[in-house]
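Engineer: Sequence:
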Amino acid sequence: PDLLQFVGVGDGNGDHLMQLLREKLTIDGKEKEQNQNLDTNSNNYDPGRLTIRTKSKLRTCTTIVGSDNATELVEPSGVVEPNELQELTKLLIDNVQNTNALCIMGSMPPGCPEDTYAQIIASVMRDNANALCVIDSVVGLKFMLNQLAALKGARDRAVLKINVSELCKLASFKSDDGKGGTTTSNNKRSMISAAVDGFAKAFGGMEHVARAIQCILLTDGKDPGYVVQLKLVEDDEYNDGSLRPYQIYQMDAIDLSNHADILFPIGAGDAVAAGTLAAWDYIRRA
Numbered sequence: 001p002d003l004l005q006f007v008g009v010g011d012g013n014g015d016h017l018m019q020l021l022r023e024k025l026t027i028d029g030k031e032k033e034q035n036q037n038l039d040t041n042s043n044n045y046d047p048g049r050l051t052i053r054t055k056s057k058l059r060t061c062t063t064i065v066g067s068d069n070a071t072e073l074v075e076p077s078g079v080v081e082p083n084e085l086q087e088l089t090k091l092l093i094d095n096v097q098n099t100n101a102l103c104i105m106g107s108m109p110p111g112c113p114e115d116t117y118a119q120i121i122a123s124v125m126r127d128n129a130n131a132l133c134v135i136d137s138v139v140g141l142k143f144m145l146n147q148l149a150a151l152k153g154a155r156d157r158a159v160l161k162i163n164v165s166e167l168c169k170l171a172s173f174k175s176d177d178g179k180g181g182t183t184t185s186n187n188k189r190s191m192i193s194a195a196v197d198g199f200a201k202a203f204g205g206m207e208h209v210a211r212a213i214q215c216i217l218l219t220d221g222k223d224p225g226y227v228v229q230l231k232l233v234e235d236d237e238y239n240d241g242s243l244r245p246y247q248i249y250q251m252d253a254i255d256l257s258n259h260a261d262i263l264f265p266i267g268a269g270d271a272v273a274a275g276t277l278a279a280w281d282y283i284r285r286a
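Position one of the sequence shown corresponds to residue 1 (the working numbering), numbered consecutively onward.
Label pairs and their computed distance ranges (CB to CB):
(1) ILE64 with ALA278: 29 to 35 Å
(2) PRO224 with GLY153: 28 to 34 Å
(3) PRO224 with ASN83: 45 to 51 Å
(4) LYS152 with VAL9: 37 to 43 Å
Don't read these hints as lab results, they were simulated from the structure.
The beta carbon of each residue, even a glycine, is placed where N, CA and C say it ideally should be.
All chains should be built: construct the whole structure from the sequences, respecting the hints.
Structural biologist: The following block contains the structure:
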């Protein structure tokens with residue numbers, strides 16, 4: 001994998017991060033010998049080749065983990081300068097050929113225009129007709145959906161992966177009625193359906209959203225997740241109630257409570273997004 005990213009300088013945290021990436025992602029000769037399917041150039045792979053080191057310091061995020069929840073304290077981020085953004089764009093353009101898959105994760109630092117992720121999607125998806133895309137971010141989402149909808153054939157290669165609370169927030173839909181009652185599977189499904197309707201309304205209509213992505217993948221912590229498969233239905237047919245423009249499937253969550261080596265949920269969302277993209281690409285090639 002290649003990480004297209006900004007990493008700050010200053011107090012040594014950025015250097016430490018890059019060292020960890022090289023230790024975890026670089027394939028040594030012994031591993032290569034054991035797995036003949038690895039790229040023949042793996043031992044020359046540099047995880048930092050698409051990284052821009054910015055003048056601003058790397059921000060530090062601290063997570064306080066409780067028995068059933070986690071609180072993340074995120075420091076303010078330094079500003080990316082225009083020339084640093086230009087360098088990142090050039091790196092992308094120079095290395096975009098033969099890209100199989102793209103995963104958009106997290107937020108962008110100050111200094112990046114709202115359509116930065118959309119421009120990255122355009123560069124990868126336009127020049128690689130078979131590239132897959134998983135969006136695991138709500139930053140600049142309107143621009144990303146607009147870009148995907150404008151690219152011919154992109155919707156069959158793109159999905160949005162967010163959690164249920166993010167969907168409700170984007171749809172301006174309150175998921176909690178404040179009564180403290182138990183949420184049944186049917187109630188949750190009805191809530192998600194209403195939130196999907198609100199989401200589509202907020203992002204240009206159901207037809208527009210369905211032309212951009214084929215599915216919305218929803219996680220909900222330790223509770224079951226959901227796949228919302230979107231259908232290409234014109235808004236006129238959807239608005240008069242004659243057609244349901246999506247199908248909702250429930251996906252049971254894996255119970256990790258008995259796994260002693262699972263310490264805390266930090267990075268779980270990123271892992272799900274990356275794993276989904278890797279599995280999708282693997283299944284497609286099988």
